[in-house]
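2 protein chains.
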Amino acid sequence: MTTPPFFFGVDVGGTNIKIGLVDDEGRTLAYHKIATEESQGPASAIRRVAAELHTMLADIGHTISDVATIGLAMPGMIDIVNGRTMEPHNLPHWFHFPIRQALEEETGATVILANDANAAAFGEYWLGSGREFRSMVLLTLGTGVGGGIIVNDTLVEGDHSFGSECGHIIIDFNDDARQIPTGQRGHLEAYASGTAIVKRTQEALEAGEKSSLMARMNKGEKLTPLMVAEEAERGDELSLFIVMETARYLGVGVVSLMHTIDPGAVVLGGAVNFGGADSPLGTMFIERVREEVKRRAFPVPAKKTAIRFTSLGTDAGYLGACGLARQAYLRDQQAPVTS
Amino acid sequence: MTTPPFFFGVDVGGTNIKIGLVDDEGRTLAYHKIATEESQGPASAIRRVAAELHTMLADIGHTISDVATIGLAMPGMIDIVNGRTMEPHNLPHWFHFPIRQALEEETGATVILANDANAAAFGEYWLGSGREFRSMVLLTLGTGVGGGIIVNDTLVEGDHSFGSECGHIIIDFNDDARQIPTGQRGHLEAYASGTAIVKRTQEALEAGEKSSLMARMNKGEKLTPLMVAEEAERGDELSLFIVMETARYLGVGVVSLMHTIDPGAVVLGGAVNFGGADSPLGTMFIERVREEVKRRAFPVPAKKTAIRFTSLGTDAGYLGACGLARQAYLRDQQAPVTS
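Note that the protein sequences, when read in sequence, are chains A and B. The numbering used here puts the first residue of the first sequence at 1, with every later residue one more than the last. The numbering used here puts the first residue of the second sequence at 1, with every later residue one more than the last.
In short, the hints are calculated from the structure, not lab data. A virtual CB, placed ideally from N, CA and C, is assigned to each residue, including glycine. Any given hint might turn out to be false.
Simulated coverage check for chain A against chain B, where a stretch passes if three residues somewhere in it have a Cβ under 8 angstroms from a Cβ of chain B [claimed, not checked]: (1) 132 to 144; (2) 262 to 271; (3) 312 to 319.
To list a few chain B residues with every Cβ distance to chain A over 10 angstroms, as calculated [to be verified]: (4) P4; (5) K33; (6) I34; (7) G83; (8) E106; (9) R131; (10) D159; (11) Q202; (12) E206; (13) A207; (14) S212; (15) A215; (16) F241; (17) G253; (18) T283; (19) L312.
Reference listing, derived: stretches of chain B covered by chain A, where coverage requires no fewer than 3 residues with Cβ under 8 angstroms from a Cβ of chain A [what the hints assert, rightly or not]: (20) 15 to 29; (21) 262 to 268; (22) 292 to 302.
Throw the hints in and build the complete structure from the sequences for me.
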């Protein structure tokens, strides 16, 4: 049996919205997933989220008065100060919407906003792979490279909401460095993202490298990071090279994070995780990241910093949103009363 | 007239020890500089520091009971948890000494330890070029490249005391990247330190580049970063190229800091500052850093992040030590009492 205060976490994605209710220790009391229905716009979605919250509470015999704070995780850049969305590319009908106020009005509860990658990082920090450390960095590998940095319990959001953009560490200053879509050169994301994996593989194939990928592409399959991972697992040399090279690039970025943040753990997650800790390929991949770190970092952090995969999977976002809501609530409780 | 609590800051260097007494607003009430007398060892130095503290207090009609906390800044890595020196290369007789306990025993006051670059960063954050921001990064250019990171009022010391080592951000992952003395490749320090400036200049001269530096070196002068700066100011093309190239490398490191920490300001200091804000060369240098940032960073932080020189000079260390002492004192005062 658990008692209030409870915390809701809402993780908005392009397809689904995940909603979880947790207690003070992060135990999930209820969890629902609803469709985003992006084209219906944010006001409609927020109304459906609020209805869902009330249903979830009623199901376990509680009301919104038992909820201390709600954490709302959103993709892309958000205007945290004003509680508004900006221009999330996967939510084209949601631009510049006062989403915090909307959810507060629908629920009567205090809402705190966070970027979804930052929320996922906080989830792993509170309940997942970073839970035994004071500081942690998450790197998420997907279409791009995202991240989240927690220093001594505080999520690094930055003075202009550009903190924790770990995919945009520069790993190569040279004029021939790879480009991100904006044309800027040398960013980690230009090397280690899913997009970069596909690009690097295509370049190698065009240069005449032999690979079992060709047979699949000739059958009409589209080249994806998953296909590269699958062929690497089957022993395709080029695919394995691409995976290990990705690990090498990531390791370079990890060293810059170790020599600035010096976290207890660097945690790797996202869809492009090569099977993660349970797979031989994932194990080789993370071992290659560690090897690159040993080559470049000071011996003490190289030895002591844990480098591991995430453990919460896609639950990290709503759990982290709950965790940030809980932290905001606790800080508010502890703040000195000023008259 | 100012009233206690007061804070002492002690900044230990290889040649001198700077000691300052400040009030709660950072106003310096007294300042002395004594010789380190390195070869006499740390116990002797700490006794002389303590005697100096008592004299300084007596001179202004106060006693040690008006001092809330003492901040002690030390060069190199320090074991903050255990309050001990490690192996500071410019203090060879001071290895593995329980320096915090020694100063506490000599004074009866609480002592907090910090690395000197970190203390300088905190000084600039509290009273100098970073004083209007919530977060700040300092990069110090000297023999090496040092730094300090403050996030939301907290100095980033890291989980293994390797935080804020900004000279060891990787800016080039390639196998032919420049090396630091340990042989590791691609660190910012291998490109932008005073040592690197001399090395890059030597290489250019050996490759046959014409320069007014040669005339001075032929007269027996030793090539130094200051000589490069002087000749750059006199219009020597190679020297100016070296200075601008240093700015370019620094700019790359600054972008990685902006996309992870996203500070309000990045502050540049140290002995190799090309004359700083008051000199035409210093102005060109920092403008080149800003230009590199604009090329590589997201537009919002590129536009909004202040990039400027330090303003406290060599006082930053003791002032920052005072600031860290004050912060430790205030946090201790605010902490909930547990029975």
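Can you give the numbers of the hints that this structure goes against, from lowest to highest? Violated hints (numbers, rising): 3, 10, 17, 20; every other hint is consistent with the structure.
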